[in-house]
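Protein chains: 2
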Amino acid sequence: MKKFINQYDDMIEEMLEGYVAANADLVERRHERVITRVGAPFQKKVGLVTGGGSGHKPALIGYLGEGMMDTVAVGNIFAAPGAQICYDAIKAADSGEGVLVCIGNYSGDLMNFGAAVDMLKDEGHKIETVVVNDDVASAPVDNMDNRRGVAGEIILWKVVGAMAKQGATLDEMKRVGDQVVFNTRSLGVAHTPCIMPSSGKPSFEIGPDEMEIGVGHHGEPGIERVKMMPADEITSLLMEKILVDLPFKSGDEVSVIVNGLGSTALLEMYIVYRKVAEILKEKGISAHKIWVGEYFTSMEMGGFSITLTQLDDGMKKAIDVPVNAVHFKG
Amino acid sequence: MKKFINQYDDMIEEMLEGYVAANADLVERRHERVITRVGAPFQKKVGLVTGGGSGHKPALIGYLGEGMMDTVAVGNIFAAPGAQICYDAIKAADSGEGVLVCIGNYSGDLMNFGAAVDMLKDEGHKIETVVVNDDVASAPVDNMDNRRGVAGEIILWKVVGAMAKQGATLDEMKRVGDQVVFNTRSLGVAHTPCIMPSSGKPSFEIGPDEMEIGVGHHGEPGIERVKMMPADEITSLLMEKILVDLPFKSGDEVSVIVNGLGSTALLEMYIVYRKVAEILKEKGISAHKIWVGEYFTSMEMGGFSITLTQLDDGMKKAIDVPVNAVHFKG
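Taken in order, these protein sequences are the chains called A and B. The first sequence stops at residue 624 when you use the working numbering, and every number in between is there. The second sequence stops at residue 624 when you use the working numbering, and every number in between is there.
These aren't lab readings, by the way, just hints derived from the structure by calculation. Check before you lean on any hint, since a few could be wrong.
[What the hints assert, rightly or not] Take a look, some chain A residues computed to stay more than 12 Å from chain B by CB distance:
id: 1; residue: 311
id: 2; residue: 314
id: 3; residue: 348
id: 4; residue: 390
id: 5; residue: 405
id: 6; residue: 413
id: 7; residue: 434
id: 8; residue: 440
id: 9; residue: 460
id: 10; residue: 465
id: 11; residue: 513
id: 12; residue: 518
id: 13; residue: 527
id: 14; residue: 534
id: 15; residue: 537
[What the hints assert, rightly or not] Interface residues of chain A toward chain B, partial, derived using beta-carbon atoms under 8 Å:
id: 16; residue: 302
id: 17; residue: 309
id: 18; residue: 349
Model, not experiment: these values are computed from the prediction. We put the beta carbon where it would ideally sit given N, CA and C, even for glycine.
Make a model of the complete structure from these sequences and hints.
Encoded structure:
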């Protein structure tokens, strides 16, 4: 297996040691598997917590910083953090103003964060949870509760992160956070699996000229397997499915993420964004904010996803608030 | 070939269209192959120019922005930009305070920038050039003029970018720039080639359990081909060669870049940085600034490089000046 690791069992521990050593101005290690912003919890600010499996760098720990997350519960590769880790992460974020837990729609994360939230509520903490389910490939629109969360989490973190920084209450953040999730739709395509470090095996099998539309970022099955096609064609196909899903309409203002899944070059993602911009223009939709890069990966998976969020004025303002997270600045 | 492109001949054009559309607040297209900061050239500031082949995103165009580069001459994949492009890029950066050209040590870049500089000097422009040759694998230390430039370019850009922002003269920047280059040493390792979009062929051949130490970021041969080894072992080996080369010594303050070459996961790079930090500590060297991520890639090449720069007080101050380039912020 061609990975720069030592022992499989030490991967997460060693990664966290390296991460905290490299970014000691911004983050610290509070518990074995809980990384926090330096100085968390912050007085007069709602705490912001996320968590989930590892293997998605810069997600999740890269989003710790001013204007984004306060604490992260760190799981193993593609595996939810245990309930105790979730408990410690939430507790570390609460200065008394309450905590918003922002996680993807995966059963392990829901179960373990759910158990932690129940315990902490019993202890008197005020906690709300927003669950991200932006992946249009993972279930029909009339069954959104079964959709996975993918790169749309970043928009949620950005908006509620800005709100918390500016003194919003937990109830306001829960309301806006749910709306951000509803307004956000993503779809991806992958042509190359990642290699699972536990087994050395690929996360899914695929032919030398094939790609799969809608693959989940743990290698979950997508909706269609097709031959490789030109960038404009696959971008049009993804955009069509995303646009009708909300639906997005003429006059909308949106944020756009073109997110590389790991090995796909930034050069290719800009070729994709060129077509995204052309389609948005045709549809009368304006892009208020655009991110092109690697924001939520699956180790060395080859592919990309597109995420659109329909923005109202409040969300636009929140998106524009400066942020200084470890791997997300601007 | 599994790449998200349309026609090979349109790749660079389409990438640039997407790039400028996505980052229109920061960059604009001045000529077909010249991208500049919005509003360049800037009065009372020395202009900063780089250029080279494409395929290294976020380098080179991602480093355009306040506190870094003003204009970039864009070549084809792994191919130097033509002399006319270099000419236009330098001219677009000059407000009358002169221009510092900061490029890697590649014959095509030297020749074409050289020709452009000669023409522009004849027209009365004041221009200096700093050539980066940080790759210790590419020639012995007593033959540094034959060494390639790799991720060390970023440190040069950061330091002279900050100096220009703060009103330094061209002569000061040339002097410090040359010193930064001398103080900077890099070494990389790759286990997986990138795929050349022109041919669909890999940039080099390598066995399923091998990696090559010192591969250039266009796939140039390295110094040794070895079996895959644990992350700590390969990191120690690279660090040993880097540290003796300057040599770096106890009491030094350095900047560190752990740079992914394309498909290597950020998780792995943090495992590498953990060992880098341990070795620096053992040697009595302190890390003033650390970057871990993808800064200078070779499309989907698998591997990473380590870059150390010995910093004096002036360089430390320059490194700490805030920067707002498209893909380099902080």
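Evaluation of the provided hints:
1. The Cβ of residue 311/A sits about 5 Å from the closest Cβ of chain B, inside the 12 Å cut-off, so the non-interface label is violated.
2. Listed as outside the interface, residue 314/A is inconsistent with that label: its C-beta sits roughly 9 Å from the nearest C-beta of chain B, within the 12 Å cut-off.
3. Remark: the non-interface label on residue 348/A conflicts with the geometry, its nearest Cβ contact in chain B lying 7 Å away (cut-off 12 Å).
4. Annotated as non-interface, residue 390/A keeps its C-beta farther than 12 Å from every C-beta of chain B; the closest such distance is 31 Å.
5. Residue-level check passed: residue 405/A sits 24 Å from the nearest beta carbon of chain B, beyond 12 Å.
6. Against the 12 Å criterion, residue 413/A stays outside the reach of chain B, whose nearest CB is about 30 Å from its own CB.
7. Here residue 434/A stays apart from chain B, with its beta-carbon at least about 27 Å from theirs, past the 12 Å limit.
8. Against the 12 Å criterion, residue 440/A stays outside the reach of chain B, whose nearest CB is about 28 Å from its own CB.
9. No Cβ of chain B approaches the Cβ of residue 460/A within 12 Å, the least distance being about 21 Å, so the stated non-interface status holds.
10. Distance check for residue 465/A against chain B: the nearest CB is about 33 Å away, which clears 12 Å, and the non-interface claim stands.
11. At roughly 15 Å, the least C-beta separation between residue 513/A and chain B is larger than 12 Å, which holds for a residue marked as non-interface.
12. Every Cβ of chain B is farther than 12 Å from the Cβ of residue 518/A; the closest lies at roughly 17 Å, confirming the non-interface assignment.
13. A cut-off of 12 Å between C-beta atoms contradicts the statement that residue 527/A is not in contact with chain B; the least separation is 8 Å.
14. With 12 Å as the threshold on Cβ separation, the claim that residue 534/A sits away from chain B holds: the shortest Cβ distance comes to roughly 17 Å.
15. No Cβ of chain B approaches the Cβ of residue 537/A within 12 Å, the least distance being about 18 Å, so the stated non-interface status holds.
16. At about 11 Å, the closest approach between the beta carbon of residue 302/A and any beta carbon in chain B exceeds 8 Å, and the interface hint on this residue is violated.
17. The beta carbon of residue 309/A is positioned within 8 Å of a beta carbon in chain B (closest approach about 5 Å), and the interface hint is therefore held.
18. Checking residue 349/A against chain B: minimum C-beta separation of about 7 Å stays under 8 Å; hint holds.
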